[in-house]
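Following full-length UniProt numbering, the numbering of the sequence shown begins with 1 at its first residue and continues without gaps.
Since the hints were made in silico from the structure, they are not lab data. Keep in mind that a hint or two might mislead.
[Unchecked claim] Below, computed lysine-lysine pairings styled on DSS-like, alpha-carbon distance capped at 27 Å: (1) LYS147 with LYS162; (2) LYS162 with LYS137; (3) LYS162 with LYS40; (4) LYS147 with LYS137; (5) LYS137 with LYS40.
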Amino acid sequence: MRASPAVWIIILAAGYSRRMGLPKILLPYRDGSLVRQVAKKAAQVQSAGVMVVANAEMPEVQHHLWDLPVWVVWNERAHLGMSTSLVKGVENLSHDASAALILLADQPEIEPFVIERVIDAYARSSASIIQAAYSGKPGHPVLFDRKWFPHLLHITGDQGAKQLIQASGDERQWVDVPLPPLEDIDTWEDYERVTRREGAIRGL
Numbered sequence: 001m002r003a004s005p006a007v008w009i010i011i012l013a014a015g016y017s018r019r020m021g022l023p024k025i026l027l028p029y030r031d032g033s034l035v036r037q038v039a040k041k042a043a044q045v046q047s048a049g050v051m052v053v054a055n056a057e058m059p060e061v062q063h064h065l066w067d068l069p070v071w072v073v074w075n076e077r078a079h080l081g082m083s084t085s086l087v088k089g090v091e092n093l094s095h096d097a098s099a100a101l102i103l104l105a106d107q108p109e110i111e112p113f114v115i116e117r118v119i120d121a122y123a124r125s126s127a128s129i130i131q132a133a134y135s136g137k138p139g140h141p142v143l144f145d146r147k148w149f150p151h152l153l154h155i156t157g158d159q160g161a162k163q164l165i166q167a168s169g170d171e172r173q174w175v176d177v178p179l180p181p182l183e184d185i186d187t188w189e190d191y192e193r194v195t196r197r198e199g200a201i202r203g204l
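Go ahead and model the full structure; you've got the sequences and the hints to work with.
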């Protein structure tokens, strides 16, 4: 068991949303926007700090997060792919950070208990990559021990850390989550489906 790990949640929120034609993370959701919803959920986790990596060309993101206990870091190289946001986040971690847990700003259905379950598994395990799994299928969030930080600083392109995770072998541990898989919002159809589901859950 690890002693009180210092975990940072990094929310990747710098994408250009080219398939939707506008910044999808600012689309309305509940009482705010997609990025605000994910940041609010992350901020409910008392055992971790929260960093949002946002596109430097979208300063309005700050207005969606102004009252939340999160740290916004600006990515000036977002046009080069999602990996640049992950690199930016890791670059800005404090020296005492023991792990980084990655969330996506276009997955508003993330629940705080899922994040907590992954962090708890990390604290109790010797595995260096902890990944949530939904019905046996790995997804987000993914937590990386600090031993992987040098590797994360050298990833490129839009695949993020996918290849690194796949090559980690016995270093990885899955944590079962009793929920349907998180859905990315990449198209208008995705957005409409998720917001309809949210309305049904809330009885709207």
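For this session: Mind checking the alpha carbons of LYS147 and LYS162 for me, to see if they're no more than 27 Å apart?
Result: holds, 17 Å
Exercise. Regarding the pair LYS162 and LYS137, is the alpha-carbon distance no greater than 27 Å?
Worked result: This hinted pair holds, its Cα atoms lying about 14 Å apart.
Problem set entry | Straight-line alpha-carbon gap LYS137 to LYS40, limit 27 Å | Given pair LYS137, LYS40 holds - Cα atoms ~25 Å apart, limit 27 Å.
Problem set entry | Hinted pair LYS162 and LYS40, Cα distance within 27 Å | Holds - the C-alpha atoms of LYS40 and LYS162 are around 26 Å apart, at most 27 Å.
For this session: For the pair supplied as a hint, LYS147 and LYS137, confirm whether the alpha-carbon distance does not exceed 27 Å.
Result: holds, 25 Å
Of the numbered hints stated above, none is contradicted by the structure.
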